[in-house]
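Participant: Taken in order, these protein sequences are the chains called A and B.
Each residue of the first sequence is one higher than the one before, counting from 1 in our numbering.
Each residue of the second sequence is one higher than the one before, counting from 266 in our numbering.
Take these hints with a grain of salt, some might be off.
[What the hints assert, rightly or not] Here's a subset of chain B near chain A, in silico, CB distances under 7 angstroms, partners left out: (1) Q916; (2) T917; (3) L957; (4) L969; (5) E1038.
[Claimed, not checked] With a cut-off of at most 16 angstroms between alpha-carbon atoms, the simulated EDC-like pairs for lysine to aspartate or glutamate come out as follows: (6) K919/B / E1032/B; (7) K39/A / E553/B; (8) K39/A / E395/B.
[Unchecked claim] Using C-beta positions, here's what the derived DEER-type ranges look like: (9) E24/A / A418/B: 42 to 52 angstroms; (10) G341/B / N237/A: 52 to 62 angstroms; (11) R700/B / S236/A: 45 to 55 angstroms; (12) P36/A / G286/B: 16 to 26 angstroms; (13) T37/A / A418/B: 31 to 41 angstroms.
I should point out that these hints are in silico values taken from the structure, not numbers from a laboratory.
Glycine residues also receive a C-beta, built at the ideal position from the N, C-alpha and C atoms.
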Amino acid sequence: MYAFDYHRPASLAEAAQLLAANPEAKLLAGGQTYIPTLKQRLAKPAAVIDLGRIAELRGIQEEAGGLTIGATTRHAEVAESPLVKRVIPALAALAEGIGDPQVRNCGTLGGSIANNDPAADYPAAVVGLGATVRTSKGRSIAGDDFFTGMFETALEPDEIVTAVHFPKPEKAAYAKFPNPASRYAIVGVFLAKTAGGVRVAVTGAAPCVFRATALEQALAQSWSAAAIDGVTIDASNLNSDIHAQADYRAHLIKVMAKRALAAAG
Amino acid sequence: MAEKGIGARVPRKEDLRFITGRGRYTDDINQPGQAYAVFVRSPHAHARIKRIDKAPALAMPGVLAVLDGDDVKADGLGNLICGWLVKSKDGSPMKMGKHPLLAQEKVRYVGDRVAVVVAETPAQAKDAAEALVVEYEVLEPVVDLARAHGAAALVHDEIPNNLCYDWELGDKAAVEAAFAKAHHVTKMELVNNRLVPNAMEPRAAIGHYDPGQDAYTLYLTSQNPHVHRLVISAFIGIAPEHKLRVVAPDVGGGFGSKIFIYGEECVVLWASKKIGGRPVKWVAERSESFLTDAHGRDHVTTAELALDKEGNFLALRVNTKANLGAYMSTFSSCIPTYLYATLLAGQYKTPAIYCDVQAYYTNTAPVDAYRGAGRPEASFLIETLVDQAAIEMGMDPAEIRRKNFIPKSAFPYQTPVALVYDTGDYEACLDEALRLVDYAGFPARRAESERRGKLRGIGISCYIEACGIAPSAVVGSLGAGVGLWESAKVRFTHTGKVQVLTGTHTHGQGHETTFSQLVAEKLGVPYEDVEVIHGDTEKTPVGMGTYGSRSIAVGGEAIVKACDKIIAKGKKIAAHLLEASEADIEFKDGKFTVAGTDKSKTIGEVVFAAYVPHNYPAGLEPGMEEGAFFDPPNFTFPAGTYVCEVEVDPQTGKVDIVKFVAVDDFGNVVNPMIVEGQVHGGLVQGIGQALLEGVRYDESGQLLTGSYMDYCMPRADDVPSFEVVTSRGTPCTSNSLGVKGCGEAGAIGAPAAVINAIRNAIGVRVEMPATPERVWRAIQSSPLAKAAE
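When you get a sec, could you build the whole thing from the sequences and use the hints?
Facilitator: Listed below in structure tokens is the structure:
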């Protein structure tokens, strides 16, 4: 780890001020990606702003029939929340499957989506549920527009995720085939029947979370495993690496979609 | 039996400090004036070092020294060694590439040591290491073992074809004759995947030269501190042996990787003198462990088994290419030869066996012993080959094994590959394992799995290993550079407490408990009154250390022999005190008794008399401290049967182990709880090799599996609850305890059981690690699986 200045603001306003004053500063939420990055000297920030003590960024509320979850809410809090289990059980189940207990006790929703790791779980829920990302600049960014590429988001450099609003779906489930080593998704499929139609978000398989439109169309026609069977997944844009080749990932997308469908009911 | 003596499930005394965070590992030791070392490592798999500019690094704050290969050369330090000379078929010695402490002229793998920076703080040392300028001319690397022979690039310029040796064992003519008349030949190509040892505690060392004493101390993570002392003094030449103290304090796992004498530990000792005698500490980061701890396995093999029409094995023919990595490591030459091919008889009476092995250099990390070391490779080969033969012959896998077992009546049994097995009862282990797993009930369980859309398979593995390493004369005749005896000293204090000094080293095995039980049993003293001391060359007698499941069979027997001497001396003292003849004194349960009388003295009374010899036999030395060395007459041969049951998800290829039965013959067992724990750990490592672990380098020699994000270590949810039986023992005849050793068995026997179970489930054999993707692809090509869909 290189030396850096460390700030621990008590409020969002203070954090925003610090960020404005230190344009090169990095934001630290749960640190589950950034701390290892620092330890390996892969990042050399001038300053780190730790969002971990900002009370207003943390918590789970019911809002407009759905859920609003603060950016620094821990995965374990989402997994264990009776409110989440009641309103969007698929989201609690997803959070319960992230990493391992240590990761879930430190990692945060905001940190996960702002980092936008291609194999992270939360981006699939944000896109799959048609959620909205709220920020320190007062913006509400649609999930579909938030994730712009591998480790890239629609956030501006001085913008902080404050919360995510998840509308309540009619049905939803997430099925993940984890990388046995990292427990990130080799393929994760979040499938939901929402007021706006069927949504299928896929993580782990490509450089960035994406909507599997062919699956969405097929499931809109018929909410059935047979509909999924009839779809051909194009492997040409999927990742190939030492853990899985693209054709295997394409196959797993359908398998996980069917498992999510069965779980969603 | 003493209450906490041999056979008792005594909880481990060392665990109190480990589980309360009070262990004392090398990195827990900090000394006044301590400086910190960071190694600059090669980013290239193969390159010529054109120039090193130390000036920018030396100019960094806090830097005390920057040392490179030229400094090593200038100080006349020796190269790292390989302690076992293997000869090729033509009688020529193995071709050993030079392995300097810091690279000279060339770097040969990613992570190779180029220079060391010593500074006041770890961060300063890191900063300066980044500032060091090294210019490389990048060379074509040799990465793929299968293509090492004839590759345009040479890892060591002076070694043609990258071939270190081409070695053979067995009667080639007899094997060829047997194949010529065979009814059936089963042939198989197989890969034994390369593994990273992954001890929980990374390697670490603190070197300290004391100018006042003109003496050196080296704290380090070692399985054999005396071997480190020997090599560092006799071959590297940093310090004379009597002026070098080596201490291996608590060590968090080794699995073989901490046997070896690596460059880093030597360099910090040397560097301490270079900076005027301040202690120099180095602690490996996990990434360094991945890159530089000696890896394990890495074979490519062709194996053929000749059978008659009844399924009797006639002959076995094996060719193996073994990967040595960029340099020979301390024992790397003997792993794919004398610890491998000598085990190819397995549990079977195969009359003729021939094996030849070509060992190659590649631009990858050095490869050496890893839990099992050669024996897992042999066992995996035999047990997958035998399984394949059963399928091809239409025989039950259990029955083909039973038919070919060396019968109980045939021991001692001379195999065609040099070893003499002393005892065993292979059928008893097989029978017990099949009973426990309910072999007969498998078809019903398979049908039940099928109803849930899963493919169920069962796999057997009947392993054998040679442990208790080793008879010195035997290993000496085969090329070993050292003797492999073990030593012990048993010392009473005035108050009747016992210190046991052992030349072995415990780094997870629980010696402090097991050896205390042993001494409590032999001397009839309370278990709590025994303290085991190890790991410090200034405290313990010279010992050869812990590996090859040798500590109880060789080190434990040395303790017994020292206890015998204590008892013999005690009889003389007791005879004097009891006014009886020495021949009439009997010793039992801590008491010296005049035979046939109630006249006795406790061992405590006798010991007190020895230290306060006011009324004492004339001419007898006072004191009660005895030492012994033990050189075993033979190896020990633990063996057993493992049965694994898996469920495969045909949609994803994921394998779940749903049942695992392990029946081991370890001979007599001192602490069954510790032995079962050793089996559990070994099984998990074996399952890790079979399903999860595998080193991958890319074409340029970069390690792709360099962290736990990409290298998959087994976790609790990857393995089932094991059913382990260790009580089917045939006592070993090479030591008075009848013990065989248990540390490696699990890792040796498990992989074949898992792979055979997967083959049984899906109809094709999958190479290790049987990752979900590999299994899924295999299912796509399997007629059996297709039929099940």
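Participant: Which of the numbered hints above does this structure break?
Facilitator: Result: no hint breaks.
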